[in-house]
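Could you put the whole structure together from the sequences, leaning on the hints where they help?
Here the protein sequences come in this chain order: A and B.
Residue numbering for the first sequence follows our numbering, starting at 1 and increasing by one per position.
Residue numbering for the second sequence follows our numbering, starting at 1 and increasing by one per position.
Hints in this document: simulated from the structure, not taken from any laboratory.
Check the hints yourself; a few may be wrong.
[What the hints assert, rightly or not] SDA-like, lysine to any residue: derived pairs with alpha carbons at most 20 angstroms apart:
| # | chain 1 | residue 1 | chain 2 | residue 2 |
| --- | --- | --- | --- | --- |
| 1 | B | Lys90 | B | Pro118 |
| 2 | A | Lys163 | B | Lys90 |
| 3 | A | Lys163 | B | Arg183 |
| 4 | A | Lys163 | B | Thr193 |
| 5 | A | Lys163 | B | Thr66 |
| 6 | A | Lys163 | B | Thr195 |
[What the hints assert, rightly or not] Computed footprint of chain B on chain A, listed as stretches where at least three residues anywhere in the stretch have a Cβ under 8 angstroms from a Cβ of chain B:
| # | stretch |
| --- | --- |
| 7 | 103 to 111 |
| 8 | 134 to 140 |
| 9 | 234 to 248 |
Glycine included, each C-beta is placed from N, C-alpha and C at the ideal position.
Next come the chains, spelled out residue by residue.
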Amino acid sequence: MSALRAALFTLRAATPAPRFAGKKGAINQNLQRLILAAATLVATSACAATFAQAPPVASRFVVVLDAAHGGDDSGANLVSEAEKAYTLAFSVRLRSLLMARGFTVVTTRESDDTVEPDHRAEIADHANAQACLSLHAAESGSGVHLFVSSLAPVQDAHFLAWKTAQASWILRSLSLAGVVNSALSHATVPVTLGRIALPGIDSMTCPAVAIEIAPDRSSDAGGSAGLDDPDYQARVADALAAALVEWRSQAPERGQQ
Amino acid sequence: MIPRHQTVLFIVLLAASAIMGVLLWNQLRRSHDRLLHGQDSAPTQAPQVAAAEQATLMVANDADNTVQPRLLTLPLPQNPEARARAILGKLLDLYATPISTHPVPGGASSIEQVFLVPIANTKESATPDGPELAVVNLTDSFVANHPSGLESESLTVLSICSTLDANLPRVKEVRFLVDGQPRATLAGHADLTRTYLTTEETVAAGGSRP
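Shown next as structure tokens:
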């Protein structure tokens, strides 16, 4: 209907002929205007049909995966490899799982590059992500250690200091940590929770959790599982993917997309 | 034929050498005895420069990511800065033991100094009992040998802050230096450029301020 109205409007505009023009010139001008009106009608109808047939724009649920360290910064010395190599491999693995579940994944590094903490935060902030996971690994402790920034929560502010930008997102980060904690516990992975002042995370404007994977030394796991145990890695990665699916399903309740 | 005077000279020199050898041997034995005697009399415990007092050490545990109080009796100096250094030194001594729940090499010598300064921009700083900022100066070797990891580093920072809070109530904030210079992180993770709060609620939540 709107296309028809537009064509009628064009036709109406074409109707008044110049009063003092010659008969032949007036006929030519009217002919041109009729052709223009017809073209407008066809084009508008086509556009209307296109909009009617196009599927609704899929909501992008962006997850940032930050493989810690890299390049000159090797991180911790694990039994099998350096922390930077472990986190990169785990990031690639988790990215595949998330993309298969329809997430848009942004990574802070794809190879053995040096990425400064501030640049990691810039990548996360530009991605406008709904979840940011900083991936780490260590030989101390047991299971997965979840950390949220130790900044005190503040109300949403128009201007955020760079080093404390995460303060406005602390409550959402704690909620995300709770969801991840539930998923890992469901997968029988021991979890410890903590707070830490971590460069990079403190500047992210998204729900952000630092995840440190350690060997599973819990007695109820039927023996210890090292960091290089493929089954253990798969269990942790699947649990994180399930946690993010749950986090996405809760997005409407939080007022996101 | 050897002249007589040369024979006499040879005998005298030989006797002198023998006497010197005996004297040297005697001196060596006396020195050795003196050394052994000195070792025996070396103190096996820290000198009691102050009366033994009870201190609360907040000891970290990597297994469950917690910090638990432990009461110890140890001689503590009256000077607050020396007191803080002694308490933190004892805490790091515990971490350096083989059976530590939070193994970190270094021990007491890892704490170079602890400075206590009034916190600026507060009304309480003008009073003698105002809040204080503790500046903990760590050695470079301690930081270089500290295990890298989110949990390990955060527990070290947390236990130091909690221990200061438990024993020096006026200390409300803590900053860290390494060999007198600011350092970005402890071992690649925990931020050392921040001022940490020691209040119980904040430390329990791991709070800090920029």
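Cross-check of the supplied hints:
For the hint linking Lys90 (chain B) to Pro118 (chain B), the alpha-carbon distance of about 25 angstroms lies beyond 20 angstroms, and the restraint is violated. Restraint check for Lys163 (chain A) and Lys90 (chain B): not satisfied, since their Cα atoms lie roughly 34 angstroms apart, outside the 20 angstroms limit. Between Lys163 (chain A) and Arg183 (chain B), the direct Cα distance comes to roughly 16 angstroms. Compliance with the 20 angstroms bound is thereby established for this hinted pair. As the CA atoms of Lys163 (chain A) and Thr193 (chain B) are separated by approximately 11 angstroms, the hinted pair is consistent with the 20 angstroms bound.
With a C-alpha separation of about 27 angstroms, the suggested pairing of Lys163 (chain A) with Thr66 (chain B) is violated against the 20 angstroms cut-off. At most 20 angstroms may separate the alpha-carbon atoms for a hinted pair to count; Lys163 (chain A) and Thr195 (chain B) meet this at roughly 13 angstroms. For a cut-off of 8 angstroms, the count of residues in the stretch 103 to 111 of chain A with a CB near a CB of chain B stands at 0, and the three-residue condition is violated. By the rule of at least three residues with a Cβ nearer than 8 angstroms to a Cβ of chain B, the coverage given for the stretch 134 to 140 of chain A holds, with 4 such residues.
Residues of the stretch 234 to 248 of chain A with a Cβ under 8 angstroms from some Cβ of chain B number 0, which does not satisfy the need for three, so the listed coverage is violated.
Taken one by one, the earlier hints fail for this structure at numbers 1, 2, 5, 7 and 9, listed in ascending order.
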